[in-house]
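Peer 1: Spelled out, the chains give:
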Amino acid sequence: MSALDVDSLIDDPDIHVIVCCGSGGVGKTTTAAAIAVRAAERGRKTVVLTIDPARRLAQALGLRELGNTPKEVEVEGFEPAGQLAAMMLDMRRTFDDMVLAHAGQARAQEVLANPFYKTISSSFSGTQEYMAMEKLGQLAGEGRWDLIVVDTPPSRSALDFLDAPQRMSSALDGRMIRLLSGPARTGGWGVRKVVGAGIMLFAKAVSTIVGGQLLADASAFVQAFDSMFGGFKQRARKTYELLRSGGTAFLVVATPESDALREASYFVERLASEEMPLSGLVINRTHPVLTKLPAARAIAAADNLERTGDAPLATAVLRLHADRVAVHDRERRLLARFTKAHPSVSVVSVPAMPSDVHDLVGLRSIGERLTGS
Amino acid sequence: MATTAASWTEQVSRARLHVVTGKGGTGKTTVAAALALALATGGRRVLLIEVEGRQGIAQLFDTQPLPYAEKRIASAPGGGEVRALHVDVEAALLEYFAMFYNLGFAGRTLRRMGAIEFATTLAPGLRDVLLTGKVKETVGRTDSRGRHEYDAIVLDAPPTGRIVRFLDVTKAMADLAKVGPIKGQSDGVVRLLHSQDTAVHLVTLLEEMPVRETIEAVAELSAADLRPGAVIVNRVRPPRLPARSVTPAAGGRVDASRVRAGLTSAGLDLAPEDIEGLVGETVEHAIRVVAEQSAREQLTEIDLPAVELPDIAEGIDTAALYELAEILVDQGVR
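The listed protein sequences correspond, in order, to chains X and G. The working numbering puts the first residue of the first sequence at 1, with every later residue one more than the last. The working numbering puts the first residue of the second sequence at 374, with every later residue one more than the last.
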């Protein structure tokens with residue numbers, strides 16, 4: 001296992017996209033923002049696309065300003081050699097923009113006003129991932145930035161970022177909707193033979209549950225959407241190819257917990273199978289020990305001191321140290337399990353910050369921990 | 374151990390359905406499993422259900438991925454039993470269709486076509502209605518003698534960000550047809566979820582964001598006329614430091630020479646950099662303790678019963694689950 005050199009990654013002029021993946025809750029947004037800050041301070045013209053930043057961090061970086069486009073980060077004391085722009089993904093607006101861009105004006109308005117569109121543009125599983133990809137594609141296409149750092153949606157599964165867009169594409173494909181909303185309409189008896197009685201019954205059952213109105217809306221949506229769908233799928237494919245290109249680097253982010261590392265593991269394997277460029281693993285919130293005193297000795301000494309009760313502070317310090325060693329040991333075991341399974345993946349551990357990071361100073365601190373400076 | 378309000382109350386113990394939610398990462402699945410074991414203690418039969426397709430229960434009990442069936446997964450002290458159910462939404466929809474439309478035979482074909490997945494994504498509410506419908510069925514199920522098959526059901530539910538939407542069956546039904554068997558069933562679900570038979574417990578850590586989400590979720594639940602149960606504070610670590618040392622230490626002020634003197638008297642003669650390291654760890658620890666105290670204070674805003682579970686340094690395995698269950702029982706969980 002080698003150490004991940006984040007500065008080399010940031011300084012590499014041939015790297016234009018860094019994607020931070022991993023399951024939700026591991027600090028992806030903070031990692032992405034910290035990398036972007038550092039990149040800007042090291043001279044790159046950077047933009048960071050965040051998905052679901054915590055309130056205070058969003059405020060600090062000016063991410064809550066209305067608009068679905070990047071804004072330059074203006075913070076007292078921040079004068080980067082390069083540049084830093086930042087934005088928070090507005091899923092719905094991105095979808096609206098896509099519809100407007102790909103359909104004629106009349107068709108677009110039809111789609112935007114459709115109740116079914118309103119549902120899928122906000123609560124369809126996969127929309128957020130799809131729109132993050134789309135926004136990335138847009139930002140890359142604009143050519144205004146030298147480096148795009150991408151945060152990914154906080155899904156439980158790290159793989160959703162890659163899979164959800166495809167799921168959504170398939171769902172909106174139209175075939176299913178057409179089938180469910182009017183198998184008779186699509187060909188009558190002829191279709192019945194091909195499609196099978198079971199499917200017909202299923203369609204009838206679903207339409208009973210789901211209700212006529214929803215299906216009608218869905219059907220109308222699909223008809224209007226069809227004209228732009230080709231463009232829709234094509235764009236997704238193009239962005240996917242961008243992710244596989246030499247200018248992109250993937251970072252898998254995790255914490256030293258079984259679930260997070262398991263998801264990271266799946267992701268690493270998936271990237272390998274897709275031949276997507278993995279730069280390494282970032283493990284956030286680790287707890288290295290700051291002194292070599294073994295836990296057993298510390299506990300024995302603490303027990304000793306407790307008998308006389310003369311040194312409460314020293315006793316406490318010994319016990320909290322022993323606790324920390326236990327935590328560190330657990331974290332080391334979990335990491336060892338990962339590296340044994342993926343020996344060629346470079347790793348960097350980012351020790352836990354004493355408190356939540358919610359401003360530029362904190363992000364700079366993370367950047368220093370990321371690069372061991 | 375619990376320092377806030379009353380512990381597990383009489384009211385909470387009367388619930389038959391225990392919904393466990395919490396911010397992602399707080400240990401919801403672990404707590405749900407420990408709760409199931411605790412409730413089963415003393416000879417009861419409890420069903421532990423998961424609905425997000427994660428196979429978290431199987432991972433926790435270190436077994437093969439669970440099928441869509443109620444399977445015995447652990448025995449509890451006193452002759453009790455915990456069964457587990459991994460609900461597969463697609464299978465639940467097929468089951469539903471088989472019951473009401475006689476559609477058993479086409480299931481496999483439909484699955485292959487992606488038709489089932491499609492139907493559940495077409496109407497987002499349909500998933501939730503099916504899942505809560507299945508839960509209700511297990512809560513109400515009686516044997517031939519009219520006795521409940523399960524003494525309690527523990528649901529490893531979606532996280533706090535989604536829990537009210539998940540439990541708000543009425544809203545989910547808005548997408549769907551207003552007639553038919555699913556409507557009838559969902560009326561029963563609404564009645565169950567809003568009754569005294571259901572309690573929604575919130576798992577939290579002593580950290581700012583989980584606590585904030587917990588407080589928000591309690592408000593949301595109450596506003597939706599759903600019944601918050603208890604707050605379960607997870608992964609509590611012992612404060613270690615004497616109370617008066619905490620604030621100065623958090624400010625970086627630790628009396629290194631006093632520490633060294635104490636260590637020496639215990640026969641530990643450490644190098645200066647090691648003492649420095651210990652001081653560093655103490656400062657970080659104290660900062661965390663201060664944050665935990667602040668989190669505890671915030672939690673008192675919510676006037677709910679609270680129980681606490683310790684952090685288990687070696688990580689969670691099956692033995693640890695039994696340990697946690699015992700700790701819950703000690704705090705009155707039944």
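Hints were generated in silico from the structure; no laboratory data involved. Note that CB positions come from ideal geometry on N, CA and C, so glycine has one too. Be aware that one or more of the hints could be misleading.
Going by beta-carbon spacing under 10 angstroms, a handful of chain G positions derived as facing chain X [what the hints assert, rightly or not]: (1) 554; (2) 557; (3) 560; (4) 561; (5) 675.
Partial selection, computed: residues in chain G whose CB lies under 10 angstroms from chain X [what the hints assert, rightly or not]: (6) 396; (7) 434; (8) 549; (9) 588; (10) 643; (11) 646; (12) 647; (13) 659; (14) 687; (15) 695; (16) 700; (17) 704.
Listed below are the simulated BS3-like cross-link pairs for lysine-lysine, each with C-alpha atoms no more than 27 angstroms apart in a straight line [what the hints assert, rightly or not]: (18) X:45 <-> X:118; (19) G:544 <-> X:118; (20) X:204 <-> X:71; (21) X:118 <-> G:556; (22) X:118 <-> X:238; (23) X:71 <-> X:45; (24) G:556 <-> G:544; (25) X:118 <-> X:233; (26) X:340 <-> X:292; (27) G:556 <-> X:204; (28) X:340 <-> X:45; (29) G:544 <-> X:204.
Peer 1: Could you run down the list of hints and mark each one as holding or not?
Peer 2: Structure-based check of each hint:
1. The beta carbon of residue 554 of chain G is positioned within 10 angstroms of a beta carbon in chain X (closest approach about 9 angstroms), and the interface hint is therefore held.
2. Hint on residue 557 of chain G is violated. Least Cβ distance to chain X is approximately 12 angstroms, over the 10 angstroms limit.
3. Checking residue 560 of chain G against chain X by beta carbon gives a least distance of about 15 angstroms; that is not within 10 angstroms, so the hint is violated.
4. Below 10 angstroms, beta-carbon pairs count as interface contacts, and residue 561 of chain G has none with chain X, the closest being about 16 angstroms; its hint is therefore violated.
5. The beta carbon of residue 675 of chain G comes no nearer than 20 angstroms to any beta carbon in chain X, farther than 10 angstroms, and the hint placing it at the interface is violated.
6. Interface restraint check: residue 396 of chain G against chain X, minimum CB-CB distance 8 angstroms, threshold 10 angstroms, status holds.
7. A distance limit of 10 angstroms between C-beta atoms decides the matter here; for residue 434 of chain G the minimum to chain X is near 14 angstroms, and the interface restraint is violated.
8. Contact between residue 549 of chain G and chain X, as hinted, is supported at the beta carbon level, the nearest pair being about 6 angstroms apart and thus within 10 angstroms.
9. The interface hint given for residue 588 of chain G is broken, as the beta carbon of that residue sits about 14 angstroms from the closest beta carbon of chain X, more than 10 angstroms.
10. Restraint check, residue 643 of chain G versus chain X: the minimum CB separation of about 7 angstroms is within 10 angstroms; hint holds.
11. The interface hint given for residue 646 of chain G holds, since its Cβ lies 8 angstroms from the closest Cβ of chain X, which is under the 10 angstroms cut-off.
12. Interface hint status for residue 647 of chain G: upheld, as the beta-carbon distance to the closest one in chain X is roughly 4 angstroms, under 10 angstroms.
13. Contact between residue 659 of chain G and chain X, as hinted, is supported at the beta carbon level, the nearest pair being about 9 angstroms apart and thus within 10 angstroms.
14. Evaluation of the residue 687 of chain G hint against chain X yields a held restraint, the C-beta minimum of about 6 angstroms falling below 10 angstroms.
15. The beta carbon of residue 695 of chain G is not positioned within 10 angstroms of any beta carbon in chain X (closest approach about 19 angstroms), and the interface hint is therefore violated.
16. Interface restraint check: residue 700 of chain G against chain X, minimum CB-CB distance 18 angstroms, threshold 10 angstroms, status violated.
17. Taking 10 angstroms as the C-beta cut-off, the interface hint given for residue 704 of chain G is violated, the closest approach to chain X being about 22 angstroms.
18. Restraint check: the Cα-Cα separation between residue 45 of chain X and residue 118 of chain X comes to about 36 angstroms, which exceeds 27 angstroms; the hinted pair is violated.
19. Between residue 544 of chain G and residue 118 of chain X, the direct Cα distance comes to roughly 16 angstroms. Compliance with the 27 angstroms bound is thereby established for this hinted pair.
20. Straight-line distance between C-alpha atoms of residue 204 of chain X and residue 71 of chain X comes to about 50 angstroms, which puts the hinted pair past the 27 angstroms bound.
21. Proximity of residue 118 of chain X to residue 556 of chain G is assessed by CA-CA distance (about 24 angstroms); at most 27 angstroms being required, the pair is judged to hold.
22. A hinted pair counts as satisfied when its Cα atoms are at most 27 angstroms apart, and residue 118 of chain X with residue 238 of chain X qualifies at roughly 26 angstroms.
23. Taking the CA atoms of residue 71 of chain X and residue 45 of chain X, the gap is near 13 angstroms; set against the 27 angstroms cutoff, the hint holds.
24. Distance check on the hinted pair: residue 556 of chain G and residue 544 of chain G sit about 12 angstroms apart at the alpha-carbon level, within 27 angstroms; holds.
25. Under the criterion of a C-alpha separation no larger than 27 angstroms, the hint pairing residue 118 of chain X with residue 233 of chain X is consistent with the structure, at around 20 angstroms.
26. Taking the CA atoms of residue 340 of chain X and residue 292 of chain X, the gap is near 25 angstroms; set against the 27 angstroms cutoff, the hint holds.
27. With a C-alpha separation of about 16 angstroms, the suggested pairing of residue 556 of chain G with residue 204 of chain X holds against the 27 angstroms cut-off.
28. Taking the CA atoms of residue 340 of chain X and residue 45 of chain X, the gap is near 37 angstroms; set against the 27 angstroms cutoff, the hint is violated.
29. Pair hint residue 544 of chain G plus residue 204 of chain X holds up; C-alpha atoms about 23 angstroms apart against a cutoff of 27 angstroms.
Against the hints set out earlier in the document, violations occur for numbers 2, 3, 4, 5, 7, 9, 15, 16, 17, 18, 20, 28.
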